[in-house]
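Chains as they are written, first to last, in the numbering used here: chain G, 53 to 518; chain R, 53 to 518; chain B, 53 to 518; chain H, 53 to 518.
Among the hints, erroneous ones may be present.
Pairs count within a copy or across copies, as identical chains cannot be separated in the list.
Said to hold, decoys possible - Pairs of lysine-lysine residues, derived as DSS-like cross-links and limited to a Cα-Cα distance of at most 25 Å, are as follows:
hint, residue 1, residue 2
1, Lys-201, Lys-271
2, Lys-204, Lys-474
3, Lys-432, Lys-413
4, Lys-500, Lys-515
5, Lys-431, Lys-124
6, Lys-431, Lys-470
7, Lys-183, Lys-271
8, Lys-501, Lys-134
9, Lys-105, Lys-432
10, Lys-483, Lys-105
11, Lys-470, Lys-515
12, Lys-432, Lys-500
13, Lys-124, Lys-515
14, Lys-432, Lys-516
15, Lys-470, Lys-134
16, Lys-431, Lys-105
17, Lys-183, Lys-516
18, Lys-105, Lys-183
19, Lys-105, Lys-470
20, Lys-474, Lys-183
21, Lys-431, Lys-183
22, Lys-124, Lys-474
In case anyone wonders, no lab produced these hints; they're calculated from the structure.
Protein chains: 4
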Amino acid sequence: MGVKKEARLRGRFKEDINEAVQHYLASLPYDWRLHRHDIEGSLAHAEMLARQKIITRSDYTSIRDGLHSIMKEIESGRFQFKLELEDIHMNIESRLFELIGDTAGKLHTARSRNDQVALDMRLYARRAAWKVLEALQRFNSQLVDIAEKNIKVIMPGYTHLQQAQPVLFSHHVMAYFQMFSRDIQRFESCLSRINIMPLGSGALAGLPYPVDREFIAGKLGFDDISANSIDAVSDRDFIIEFESAAAIAMMHLSRMAEEIIIWSTAEFGFIEVGDAYATSSSIMPQKKNPDAAELARGKTGRVYGHLMAMLTVMKGLPLAYNRDLQEDKESLFDTVDTLISSLDIVSGIVSSIRINAARMKYSMQSYILATDMADYLVKKGLSFREAHDVVSRLVTYAVDNNRELNELDIREYRGFSKLFDKDVLAITLQKSVEAKSSQGGTATVEVKKSIERARDVIRGYEKKQS
Amino acid sequence: MGVKKEARLRGRFKEDINEAVQHYLASLPYDWRLHRHDIEGSLAHAEMLARQKIITRSDYTSIRDGLHSIMKEIESGRFQFKLELEDIHMNIESRLFELIGDTAGKLHTARSRNDQVALDMRLYARRAAWKVLEALQRFNSQLVDIAEKNIKVIMPGYTHLQQAQPVLFSHHVMAYFQMFSRDIQRFESCLSRINIMPLGSGALAGLPYPVDREFIAGKLGFDDISANSIDAVSDRDFIIEFESAAAIAMMHLSRMAEEIIIWSTAEFGFIEVGDAYATSSSIMPQKKNPDAAELARGKTGRVYGHLMAMLTVMKGLPLAYNRDLQEDKESLFDTVDTLISSLDIVSGIVSSIRINAARMKYSMQSYILATDMADYLVKKGLSFREAHDVVSRLVTYAVDNNRELNELDIREYRGFSKLFDKDVLAITLQKSVEAKSSQGGTATVEVKKSIERARDVIRGYEKKQS
Amino acid sequence: MGVKKEARLRGRFKEDINEAVQHYLASLPYDWRLHRHDIEGSLAHAEMLARQKIITRSDYTSIRDGLHSIMKEIESGRFQFKLELEDIHMNIESRLFELIGDTAGKLHTARSRNDQVALDMRLYARRAAWKVLEALQRFNSQLVDIAEKNIKVIMPGYTHLQQAQPVLFSHHVMAYFQMFSRDIQRFESCLSRINIMPLGSGALAGLPYPVDREFIAGKLGFDDISANSIDAVSDRDFIIEFESAAAIAMMHLSRMAEEIIIWSTAEFGFIEVGDAYATSSSIMPQKKNPDAAELARGKTGRVYGHLMAMLTVMKGLPLAYNRDLQEDKESLFDTVDTLISSLDIVSGIVSSIRINAARMKYSMQSYILATDMADYLVKKGLSFREAHDVVSRLVTYAVDNNRELNELDIREYRGFSKLFDKDVLAITLQKSVEAKSSQGGTATVEVKKSIERARDVIRGYEKKQS
Amino acid sequence: MGVKKEARLRGRFKEDINEAVQHYLASLPYDWRLHRHDIEGSLAHAEMLARQKIITRSDYTSIRDGLHSIMKEIESGRFQFKLELEDIHMNIESRLFELIGDTAGKLHTARSRNDQVALDMRLYARRAAWKVLEALQRFNSQLVDIAEKNIKVIMPGYTHLQQAQPVLFSHHVMAYFQMFSRDIQRFESCLSRINIMPLGSGALAGLPYPVDREFIAGKLGFDDISANSIDAVSDRDFIIEFESAAAIAMMHLSRMAEEIIIWSTAEFGFIEVGDAYATSSSIMPQKKNPDAAELARGKTGRVYGHLMAMLTVMKGLPLAYNRDLQEDKESLFDTVDTLISSLDIVSGIVSSIRINAARMKYSMQSYILATDMADYLVKKGLSFREAHDVVSRLVTYAVDNNRELNELDIREYRGFSKLFDKDVLAITLQKSVEAKSSQGGTATVEVKKSIERARDVIRGYEKKQS
């Protein structure tokens, strides 16, 4: 029996598929990346078949050895991939026929392409989720180091990109720690829905063989087996959920990238990105461009796009498997590649940054203490609304006279409210920061606590992984 | 002090905002829906302020009574909403000034608009998640009833919308139970990130008051307080995550709606949607259109769109609060409304359906048993690949001679393989179904087990809610 | 015959639709906005029916007068909208029955809901396109005024948000003129596909009446009639195309908004937005936030979302009309409202801006002239690549020694290349700008030419409209 | 001078870029596809430089010959691409240095990477648009052939996927002709905005050289030169517009694919897709799956995703060039590849289809003529609404008695309205079709006219191309 014809499974068709169609249908150019997972799944499947006496022990040994050989061929680069076999599964199967003869045909007992592909994608997505989690944890760990190291740096905190109140640079950094912590939670939650074993669902109806699905699940480290065969072959929720968690994580990166870019401008001058993460210009010799940060921001679009693509693919699709589902692969692969590389690159950028603490401090206008002055008046008995009103008028006066607040004398202050005393002049950036000692606030003591808690969380990651 | 001016907070500005700008900036047309949450949050905040002696007990009593009056005014429809006050928060605050005078100004002590809005949105999203969970559980409960009631109905199972293998109708229905169960998991997971209390973060830096954030969290039933004030006011992850869970759930509904529409065609004729969920035509008197299912399918686009909108809004936004975030409201409100109403409507459609079991059975071609014949040959010793090849040729022969498989006689079968015996003619739809007795397969015994497990899950929901 | 029953068109159904379903299906809450277009279309249709003797002249007169009365009732606010009649079309039709009796039924001769809705949406979209075009032209006209008025202002031009080369502020402004000019082209192109008359397509197959479609098209000012009845009732391309043109226009606004926000920071300080377009803070008395610009940037997400929604709705929809199409309305209405209001608001912001020319100039570092120095060397015979290399080293030297380029003396220059002569010290911002006199460059003479050409284009708009 | 260092343009940087960053930033893996356009652009640029005496004639000859050699090296596969040179432009430039020495440096005179990339992308997009137009026109031409060939086939026309009225199969096919005709218009319109020559814009400010931009535009076949240098390097509208036209075209393909899939079911049985476009199943020997159509439907998601990605990339990006823009390439390349291959594949599927006209006819229920009966009554004097009501009751009677309309006798008809005469029984599918003779209707005479007009349009394409 010709392998090729067999491989094509085109039993009852009379006309051959043409080359353009083959290219259109072929997934080999990207799904070769599943080879390890495909072989891993086949090994577990074959072992189960032998244990359940669906195939003989010697058939199993032969299949197992053949698969091991193929794995070695692929990893050493000797494997001949054939586009005309369309996908990685048929490439491996066809090679198995060459190596061990017709026994290869028994590997497909009690297995359909539909549940095999679902298994491979879940193995891939699981590994990808693990890698994303590691990258997020690495990044978080680094953020905590940076926060700890720069605990004395004060910068303007912004709302509406206007200077609002002074904050610790470390407090700002720890805000990202919180974002990535939520990303970690989302990927962990998603993982619990990825890690379900679909094999044994057949084409859609289940199998007329005494298969042991729990055995395969145990062998491959799955948490559970899928509960409904129709759902198992048509479900791609785990891919969409992965991509939506990735989209949110990329959004976080885009916010950080935006800040890196703005802070690197000549006008802000808060930071300088390391040379390794910047590029020069082909025409402007003085330029030092934060290209890597810009590209990370740009790549957010790509991940959003993949999410939208998969949502579109699945919309209105009747059960069970449809060929549309093949579009899940490139979408997920590129999402994973983009997210992991972007996390690593942005993490690298952050660690390369030289902080210009003096510039941060110097840039702050005295007006940034206006809220503190309102709080000062509240403590002297005004309602916050009244205090706000007094200080608004005070600021207007200063701006109109082109003076900073700390350039006004106490008489001028008292012109706006008799509650002002000399101690109002003692309000400083540092005092403003330390006053914000509510839980989660920017006071040094609070930020240090949050760094401590973060260290605990990170030790938790590390324990888990070891 | 004029309430209106105060309300506008435009202290140091000299030029008034014009009407077009006011309309553009105003969120009142949609955020009035937050009124209950806003008042609920203010009550907890005021109580905390009093406990912490930041305001006096009598100020608190006065604020509390004022807020209660406002709640009654709103609920009874007597409240005068004013667009010029822009949002629900200023509407309530301004009315409080009218009712209790300047004491109203103290409510804003130790609170900023930024953390107040974050609190209100979390209270809204939490309640919305609870309602979505109830709707999903109701639907799931109903699906189990339908699966149980129709356990004897066999229908063609499809892949590629081609008849593949016979399955129990109940098995197909239970595939959707699995999908909605994952939706429930996702909303529950999301809820754990929604249910975090942000108040006490101030504008972005925390507060210079001895606030008790844990007290507020306990009072309002939150699981925890937010850990970083900058993150707390600029985080909208919980909205995007909610919307992405909603997008997946709508995708599931769109798949069900598509099947309802296809099965309702004259050509399929598997089901008839109840009159209450169908419409007629203005021009074609015979039409009975499954409009409600079509609209549910269409509304999938709307929810995808809201997700994409929020991802776009957040892309590249520097910390902390920016006015762009105001766009979160309509996006989330409409997502919630659409998802809940669509779940209820599709659930209603499903319960109204009249199943035409005879038509389902009659529609199945004998070829749908081809896999069973291949399995038959495997049990007699062929490899699956060889068996597949034999049956392919057998089917081709039948199709070419315009005959069904059960119209061939045993000699014709044996022309393709000597392994065929008379018992091959005894393969029936029912036997095919019952043979798929692997875990999660379509055999009646397996489907009944899955129904039992589902009943347990549902009892779990009910216990939780009571 | 009961109007209500008639109105519901539920001839052969035995069960009534319930209230939840009615709310789900009802489009009245938004499609009431089509009332004028619906009546306009009905008037033209009735007139045609009379001309073609499909109805009598007196029937026509009666229908026409009835429709005029209804128009007046709606415009004066006296019309009673009824949600149970689901849409604006049935509301008007039902009222017509009340006003003129059974003759009202004749209006529906030779017309189906499907082609009627298609007509109304095209009339709406056409008017919307006209309004968008006006708003774009108004904005462009204003940009030209601003460019002309500020022709002497030099600002740093940016790439990668790093200072790159000095440019005229007017040149930067005129870049937006180009963007909006392309938006105008796109909406004009889209208009040619909107302005096609679909009435006379029946439900999907055409009509068995001697209708005169050209007459209706002429009466309503359409360019042509639709060519295929099936396509005419199922086509929503014009809505998606409109929304994609709107998405690009919003993207342009988001870029401008981003620049307004960045330039308004304390750190840049290039501009100050007028009070009318800024807001203060509830907690920080000194803040002046460019809220309107932020919101315009945020609303970009909403328009992207609507585009994605409609693409999703249409994906995989079989011909001809399906109820999913009802989702086109809110999507388009909100796109139009958002785009027009955002154009007007951003245009208003721009006109309110106070430019701080001194700050723009002062912010430029000498390094911004590095390319000019490379060009200087090229003119003395180096290849550009060599010149770039020399100046790179020169800049590194200056940066390392913490000096500006114009603080180096000629000997230091000559240390890097003997081609430097004293005239290198005469390179100024102004000279740099004026040197860029290639077509489309930033030299004043070129920018003035582009302003002149823009004036011609604007005169072209105005002529067209008058 | 080392080519590599030069190539990296990292003049003033002290630290080398690391490998991970290099991979992240590198566009070579995809932008090698621009090589032809890059060389084509460089040739025109160099020729202009020589004509304008910016470089010498002999420098030009040397550059030209070097570029020709490089082109040959690339096309013959001998060119050594180097990832460390990041992009195709530096690969070519670096090779030019190797081939002709330092003269190569002069090619970069009066050109920046920013305008060079913009030029290359426009050359690519223009060629892509031409190819898409050809594919659309080919497809349209084929649709007309099919419509003409099958002019006698009657099928059920659908609304809501319910049988509505009989239509000519050719009329249904010609609906797609209309859709693709609009796609053609959109790509032609987009082409007018693509075909603008950006070179000569420098990095962003224009050039201090006497360049002749019109010469380059003429040489490369552009319609015009860009009008503003800042806009020219930061504009990617043409890519988004291309992608949105592609998204609409893919949506059209997805609708056609959906119909092919539904019509290929055993239940509809209207068509059979050619073997060349179908695949079998690995487990179900009888299956013939319309995989190519499913994949085309699925690939719609990918194109939507690319559109969303680019809209996201551009959102809120300040002027002028930012590295985010690099994301335009893969997005556009894959959009083009997907659209063209999908058009060709679906066109191939359509031409491979075997139409089962008997099945189409047989599937129609008599109720499909109900509207014709209402029209019959209108011609006898009822209003359409009254006629609709009569026929509704008639159909209900028939359905309740399980009879087709043509099985009722004339007395039964007259029980519903005395206006019924014997000739009502003579209403047939064919007569129903022919009655729809309004312009654009399904009557044979009208469909033939539309085919004629389509032929004219196609002859127009052909003339244009020759």
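Status of each hint after checking the structure:
1. Lys-201 with Lys-271: Classified as neither: same-chain Cα gap 45 Å, cross-chain 37 Å, threshold 25 Å.
2. Lys-204 with Lys-474: Neither, since 27 Å and 47 Å both go past 25 Å.
3. Lys-432 with Lys-413: neither (29 Å within a copy, 45 Å between copies)
4. Lys-500 with Lys-515: Classified as within; 23 Å inside a copy, 42 Å across copies.
5. Lys-431 with Lys-124: neither (75 Å within a copy, 33 Å between copies)
6. Lys-431 with Lys-470: within (14 Å within a copy, 69 Å between copies)
7. Lys-183 with Lys-271: Within one copy only: 21 Å inside a chain, 40 Å across chains, cut-off 25 Å.
8. Lys-501 with Lys-134: neither (58 Å within a copy, 44 Å between copies)
9. Lys-105 with Lys-432: between (86 Å within a copy, 14 Å between copies)
10. Lys-483 with Lys-105: Only across copies: Lys-483 and Lys-105 sit 23 Å apart there, 77 Å inside one copy, limit 25 Å.
11. Lys-470 with Lys-515: This pair counts as neither: shortest intra-copy Cα distance 59 Å, inter-copy 62 Å.
12. Lys-432 with Lys-500: neither (30 Å within a copy, 59 Å between copies)
13. Lys-124 with Lys-515: The answer is neither: 33 Å in one copy and 54 Å across copies each exceed 25 Å.
14. Lys-432 with Lys-516: So Lys-432 and Lys-516 fail the 25 Å test inside a copy (52 Å) and across (49 Å) alike.
15. Lys-470 with Lys-134: Answer is neither; intra-copy 87 Å and inter-copy 35 Å both fail.
16. Lys-431 with Lys-105: between (82 Å within a copy, 12 Å between copies)
17. Lys-183 with Lys-516: Close inside one copy (14 Å), not across copies (35 Å); limit 25 Å.
18. Lys-105 with Lys-183: neither (37 Å within a copy, 50 Å between copies)
19. Lys-105 with Lys-470: Close across copies (24 Å), not inside one copy (94 Å); limit 25 Å.
20. Lys-474 with Lys-183: So Lys-474 and Lys-183 fail the 25 Å test inside a copy (58 Å) and across (56 Å) alike.
21. Lys-431 with Lys-183: neither (51 Å within a copy, 43 Å between copies)
22. Lys-124 with Lys-474: Neither. Shortest intra-copy (80 Å) and inter-copy (46 Å) distances fail the 25 Å Cα cut-off.
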